[in-house]
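**Q** Chain by chain, the residues:
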Amino acid sequence: MTRDVAVLGAGMHPWGKWGRSFVEYGTVAARAALADAGLDWRDIGSIVGADTVRAGYPGHVAGATFAKALGWQGARVASVYAACASGAQAIATARAQILAGLADVVLVVGADAAPKGFFRPVGGERPDDPDWLRFRVLGATNPTYFGLYARRRMAVHGDTPEDFALVKVKNAAMGALNPNARYRGRVTAEEVAASAVVADPLRLLDICATSDGGAALVLSSTDFARRRGVTRPVRIRAVSTVTPRFPNTVLDLPDIATDSSVAVQPADETFRASIARAAYEEAGIGPQELSLAEVYDLSTALELQWYEDLGLCGEGEGAKLLREGATGPGGRIPVNASGGLASFGEAVPAQAIAQVCELTWQLRGTAGERQVAGARVGISANQGLFGHGSSVVAVR
Amino acid sequence: MSRTRTPAVDGWFTGGGDGFRLLGTRCSSCATVFFPREDVHCRNPCCVGGSLMETPLSRKGRIWSYTDSRYRPPSPYVSNPELPWEPYALIAVELAAERIVVLGQTTPKITVADLAVGMEVEVVPGVLHEDAETTWTTWHWRPTGVRA
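In order, the protein sequences belong to chains A and B.
Here the numbering used here is used: the first residue of the first sequence is 16, the next is one more, and so on.
Here the numbering used here is used: the first residue of the second sequence is 758, the next is one more, and so on.
By construction, these hints were calculated from the structure, which means they are not laboratory data.
Hints may be right or wrong, so weigh each one.
[To be verified] Quick list of simulated restraints, FRET-style, between CB atoms: (1) G139/A <-> P838/B: 32 to 40 angstroms; (2) P831/B <-> G380/A: 50 to 58 angstroms; (3) G380/A <-> A870/B: 33 to 41 angstroms; (4) G200/A <-> S786/B: 56 to 64 angstroms; (5) W842/B <-> A208/A: 18 to 26 angstroms; (6) A388/A <-> S786/B: 52 to 60 angstroms; (7) E795/B <-> G389/A: 47 to 55 angstroms; (8) E140/A <-> E843/B: 54 to 62 angstroms; (9) E177/A <-> D796/B: 52 to 60 angstroms; (10) T258/A <-> A889/B: 42 to 50 angstroms; (11) D55/A <-> E795/B: 51 to 59 angstroms.
[What the hints assert, rightly or not] Chain B stretches covered by chain A per the calculated footprint, using a threshold of three residues with CB under 8 angstroms from any CB of chain A: (12) 792-804; (13) 815-829; (14) 859-866; (15) 873-887; (16) 897-904.
[As the list claims (entries may be wrong)] Covered stretches of chain A, going by a simulated chain B footprint (3 or more residues, C-beta under 8 angstroms): (17) 129-139; (18) 148-155; (19) 205-213; (20) 277-284.
Please read all numbers here as calculations on a predicted model, not as lab measurements.
Where is the CB? At the ideal position from N, CA and C, for every residue including glycine.
Given only the sequences and the hints, what does the whole structure look like? Please build it.
**A** Laid out in C-alpha cells, this is it:
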C-alpha cells in the first residue's frame with residue numbers, strides 16, 4: 016500500500032511587507048493552489064490552517080478563518096501551531112487524514128503578517144513562559160541565538176564570516192529569479208560585510224527578515240489524483256515532525272539552558288539531525304539520492320549547519336561544501352533554489368508550506384530560471400521554537 | 758531613597774559576593790540537574806521520578822559560545838528608550854559537573870572582543886535594571902580574573 020499523498024496544487028501570495036491582513040495572503044495563496052490543481056474550493060473535503068500568533072486567537076483560529084474567507088462549504092477543519100514548523104504540521108495533519116481515508120483532498124494554508132523588527136513574545140507579565148523569560152531576563156532576541164550558533168561554528172569548525180556571507184550571496188542570486196521572493200536583488204560579499212552587526216558575528220544581511228506572505232497546497236490521495244487524470248503527480252513520501260530526545264544538549268530557542276546530561280548520555284545525533292533522519296527513514300531514501308533541499312536559513316551560518324544535519328556532508332564540512340559550489344545553481348545538491356529565507360524573510364506559518372511549494376515546482380520541472388535540472392527527489396527542513404521538528408520529502 | 762533589591766526571577770539564584778550561586782534542582786532518583794529549576798516532575802524520561810531538591814550550580818564554567826545584542830531588544834526587556842542603547846554580551850557557559858549549558862549576560866563593560874570559546878568564566882551577582890523603588894537583580898557571567 017502506498018504511503019504517498021499527491022500534491023495536486025501549490026500556490027503563494029508573494030512575500031513582502033504589504034501591510035494587509037494575513038487572511039488576504041492566505042486566501043490568495045489558497046485560490047492559486049486550487050487553480051493550479053484545477054479544483055473548485057467546493058470540491059475540498061478538509062482544510063488545515065497553520066496558525067500565526069500575531070492576530071487575536073491563534074490566527075483567528077486559522078483553518079476556519081480561511082474557510083470562511085473562501086466561503087463556508089462545510090469542509091472538515093483543523094488548525095495547528097508549531098511556531099516555524101506550523102506549516103509542516105499542517106501538511107502532516109492533511110496527510111494523516113488522507114492516509115486514514117478521512118478525506119480525499121485537503122487544502123493546507125498558512126499565512127502571516129509579521130511585525131517590523133525583532134519578533135517578541137505576546138505581552139503581559141508571564142514568568143512561567145520560557146519565551147517571555149528569555150526576553151525579560153536576558154534580552155535574548157532570536158538573532159542572539161543565531162549569533163551563538165555562528166560563533167560556535169567558527170570556534171569548532173573554523174568557519175569564517177566570509178563563509179557565512181557566501182550563503183547570502185548564493186541565496187540572493189537564486190531569489191533574484193523567484194517572482195514570489197521579497198528580495199529580488201543580488202547581493203555581494205562586500206555588501207554583507209558592510210552591513211551592521213546585529214548579533215556578533217552576524218550582520219544584518221546574515222539574518223533573515225520578518226515578512227508578510229502566504230502559501231498553500233492541495234493534497235490528495237494517489238487514487239484521487241489518478242481519477243483526476245494526474246498520472247505522475249509530485250508525491251509527499253515523508254513528513255517528519257519529531258521532538259528532541261532528552262537530554263537535548265544544543266541550546267535551542269527559547270531556552271535559557273540546555274538539558275543536563277549528567278544522568279543520561281546524549282544521543283549521538285543532535286535534534287536537528289534527528290529531524291532529517293526520521294524523514295529519510297520514513298521515505299526509505301538517503302541524502303545521496305536528493306536532487307535539492309530547502310532548508311531554514313534563519314541565518315547564513317544556520318544554513319551551513321543544515322548541510323551537516325541533512326547528511327549532505329560530514330560534520331564541520333558545511334562551509335567546504337558551499338565553497339565548492341555543490342549547494343549553488345548547477346551544483347551536486349542545490350540548497351534553497353527558491354532563494355530561501357534570505358530572499359523571502361520569514362512569514363512563520365507559511366514558511367514550511369512555501370518550502371514544499373518550491374519542491375513541487377522543482378520536481379514538476381516548472382521552476383523557470385531557477386530550475387534544478389532533472390530534479391527527482393527533494394527535502395525540506397526546519398525547526399520550530401519549543402522543540403518542533405519539520406522535514407518533508409517529496410518525489411516524482 | 759534607597760531601592761529594594763529584588764531578584765528579576767524568584768528562586769534562580771542566591772547569596773552575594775563570592776557566595777553568589779545559581780540555583781537549580783536535582784532529582785533524588787536519577788541525579789539530573791535542572792536549570793531553570795523543575796520543582797514538580799523530573800524530565801528524564803528514563804527516570805522513575807524522585808523528589809527534586811534545590812541545588813546550587815557550579816560557580817565556574819567555560820564559554821560554549823557568545824554573542825551580543827547590538828540593537829535594543831523589545832519588551833518585556835526593560836531599557837530606557839531615552840538613553841542611547843548600550844550593547845551587552847551574552848555567554849552560553851558549559852558547567853562541567855552538571856553537564857549543562859546556561860545562558861547569561863556578561864558583566865557591564867565586557868564586550869565580545871574580551872571573550873573566546875573555552876575561556877573560564879564565573880557567575881557573579883548583577884543588576885538587570887532599576888526603577889524608582891526597585892533594583893532588579895540577576896546573574897552575570899564574568900571572565901575569571903577580571904574584577905568589578
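**Q** Decide, hint by hint, whether the structure agrees.
**A** Quick rundown of the hints versus the structure:
1. Between G139/A and P838/B the Cβ separation comes to about 20 angstroms, which falls outside the hinted range of 32 to 40 angstroms.
2. Checking the proposed 50 to 58 angstroms range against P831/B and G380/A shows it is violated: the Cβ atoms sit about 44 angstroms from each other.
3. Checked against the hint of 33 to 41 angstroms, the pair G380/A and A870/B fails, with Cβ atoms roughly 51 angstroms apart.
4. Checked against the hint of 56 to 64 angstroms, the pair G200/A and S786/B passes, with Cβ atoms roughly 58 angstroms apart.
5. Range check, W842/B to A208/A: about 23 angstroms between beta-carbon atoms, so the 18 to 26 angstroms window is met.
6. At about 57 angstroms, the beta-carbon gap between A388/A and S786/B stays in the expected band of 52 to 60 angstroms.
7. The supplied range of 47 to 55 angstroms is met by E795/B and G389/A, whose beta-carbon atoms lie about 51 angstroms from each other.
8. Hint check: E140/A to E843/B, Cβ distance near 25 angstroms, so the stated range 54 to 62 angstroms is violated.
9. E177/A and D796/B have their C-beta atoms about 47 angstroms apart, which leaves the hinted 52 to 60 angstroms range violated.
10. One distance hint, 42 to 50 angstroms for the beta-carbon pair T258/A and A889/B, holds here, with the actual separation near 44 angstroms.
11. Judged by the Cβ atoms, the range 51 to 59 angstroms given for D55/A and E795/B holds: they are separated by roughly 52 angstroms.
12. Interface restraint, the stretch 792-804 of chain B with chain A: holds (7 residues with C-beta to C-beta distance below 8 angstroms; minimum three).
13. With a cut-off of 8 angstroms between beta carbons, the stretch 815-829 of chain B has 8 residues touching chain A; three or more are needed, and the interface restraint holds.
14. For the stretch 859-866 of chain B, the stated coverage by chain A holds: 4 residues have a C-beta nearer than 8 angstroms to a C-beta of that chain, and at least 3 were required.
15. With 4 residues bearing a CB less than 8 angstroms from a CB of chain A, the stretch 873-887 of chain B meets the requirement of three and the coverage assertion stands.
16. For the stretch 897-904 of chain B, the stated coverage by chain A is violated: 0 residues have a C-beta nearer than 8 angstroms to a C-beta of that chain, whereas at least 3 were required.
17. Counting residues of the stretch 129-139 of chain A whose beta carbon lies closer than 8 angstroms to any beta carbon of chain B gives 5, which meets the minimum of three for the stated coverage.
18. Counting residues of the stretch 148-155 of chain A whose CB lies closer than 8 angstroms to any CB of chain B gives 8, which reaches the minimum of 3, so the coverage claim holds.
19. By the rule of at least three residues with a Cβ nearer than 8 angstroms to a Cβ of chain B, the coverage given for the stretch 205-213 of chain A holds, with 3 such residues.
20. Only when three residues or more bring their CB closer than 8 angstroms to a CB of chain B does the claim for the stretch 277-284 of chain A stand; here the count is 3, and the claim holds.
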